[in-house]
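Chain B: place on chain A using the hints.
Protein chains in written order, with the working numbering: chain A, 1 to 131; chain B, 1 to 227.
In case anyone wonders, no lab produced these hints; they're calculated from the structure. Given the structure is predicted, the values throughout are model-derived calculations rather than measurements. The beta-carbon is built from N, C-alpha and C at its ideal position, and this holds for glycine as well. Careful, some of the hints might be misleading.
[Said to hold, decoys possible] Reference excerpt, derived from the structure (chain A facing chain B, CB under 8 Å, subset only): (1) 19; (2) 21; (3) 22; (4) 34; (5) 54; (6) 127.
[To be verified] To list a few chain A residues with every Cβ distance to chain B over 10 Å, as calculated: (7) 11; (8) 12; (9) 14; (10) 15; (11) 17; (12) 24; (13) 38; (14) 59; (15) 106; (16) 108; (17) 128.
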Amino acid sequence: MSSPTPTSELASRPAEDVQAVSALCGTRILEREGIAMFVALHDARPGHHLHVRDAFGVAEGARLAVLFDHYERGLAAEGVDAALSESGAKGEVPSEADPDPDIDPTGAAGLIDVLVVLSDQHLRARTELSP
Amino acid sequence: MSILTTGHQREAFASGAFLRVVNWHNTPQSERATLRAELAWYAERHDPVLPEDLDRLFETGQWGKAKPGFIPVFYDGYLNNATVAAPVCDELGITAWFFPPTGFLSVDPEQQREYADAHHITLVDEERNQPTLAMTWDDLEVISRRHVVAAHTANHAQARHIVTAEDVQREVLEPVRLITEVTGTRPPAFAWLFGTPFDPSSVAGRAVLDAGIRYAVSNTAYQRIAD
Numbered sequence: 001m002s003s004p005t006p007t008s009e010l011a012s013r014p015a016e017d018v019q020a021v022s023a024l025c026g027t028r029i030l031e032r033e034g035i036a037m038f039v040a041l042h043d044a045r046p047g048h049h050l051h052v053r054d055a056f057g058v059a060e061g062a063r064l065a066v067l068f069d070h071y072e073r074g075l076a077a078e079g080v081d082a083a084l085s086e087s088g089a090k091g092e093v094p095s096e097a098d099p100d101p102d103i104d105p106t107g108a109a110g111l112i113d114v115l116v117v118l119s120d121q122h123l124r125a126r127t128e129l130s131p
Numbered sequence: 001m002s003i004l005t006t007g008h009q010r011e012a013f014a015s016g017a018f019l020r021v022v023n024w025h026n027t028p029q030s031e032r033a034t035l036r037a038e039l040a041w042y043a044e045r046h047d048p049v050l051p052e053d054l055d056r057l058f059e060t061g062q063w064g065k066a067k068p069g070f071i072p073v074f075y076d077g078y079l080n081n082a083t084v085a086a087p088v089c090d091e092l093g094i095t096a097w098f099f100p101p102t103g104f105l106s107v108d109p110e111q112q113r114e115y116a117d118a119h120h121i122t123l124v125d126e127e128r129n130q131p132t133l134a135m136t137w138d139d140l141e142v143i144s145r146r147h148v149v150a151a152h153t154a155n156h157a158q159a160r161h162i163v164t165a166e167d168v169q170r171e172v173l174e175p176v177r178l179i180t181e182v183t184g185t186r187p188p189a190f191a192w193l194f195g196t197p198f199d200p201s202s203v204a205g206r207a208v209l210d211a212g213i214r215y216a217v218s219n220t221a222y223q224r225i226a227d
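For reference, chain A alone in the conformation it holds in the complex (with noise of 0.2 Å):
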């Protein structure tokens, strides 16, 4: 039996101007427009894991981490240059680790950041009347 397919959003190529698709996102008006995103599913509980059989779900997500994969390294491609540009250091990759919250309040905008360009390119719907 052949493995299920992503759907064709996910199994679309991904963008090769990371940085462009990034700075169009963001353009986006958060407050009246609808922002898509995949997010992960957790289990908080102690002493459970979530064990997805879901073969269809399975498939997707495996694609799904090949893209998260490469929105990252695009996006950490360019971090690395806003830093070498704005401290002249060299070698230095932005860290995740506890953000000031009074800067960043999501305690995530590194993470966040991918998300949002991934599921702009592979989720968000695409309607004539869509910005």
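Using the frame of chain A, we list chain B on its own:
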């Protein structure tokens, strides 16, 4: 491993532990056609996910749905969520999740603009001068007949600001109680302003557990926190 890392997120995705959500805030009448077109687009490709669908997945590992699931979510209790978003979802046969901060619904209309500006509830220009900006409790009861109503604090609060027993009562226990009383159903999920994840070691996290919430909703994850 903290869930707020790319490593955790990737690991979850790779194992199939992921969910599609689409988050809206304002759904003004001026954007009704766009909203309807987009919701129809999602519904053609995905099935709406209900709390019991999440329960099934967490207990059995199986979605049991014909199409990949998605959750359309409407935040912050705007009147336009009641007058536009909910009716559009009803037309399309979609079940959505609504997360109103209960304080917004309880403020007199004359004070809602000031309340919104003071509590990170962004208004769209074309509606800023409307006489009413928040849905009513009656609106929420009507919404609850076909949709999921989840909790989003009373005054649009952040988890890190929940420190005292009074904070817990005001921002967690009372809004959960009010939603339960009005809708007849305890909210299955809870989200904080700015979408921070569940932390069982925090006052905020323990409060959400004590309120009987099953799912902690954050920017990057839906977490099952209780049976």
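Subject >> Hints not upheld, ascending by number >> reply: The structure breaks hints 1, 2, 3, 13, 14, 15, 16 and 17; every other hint is satisfied.
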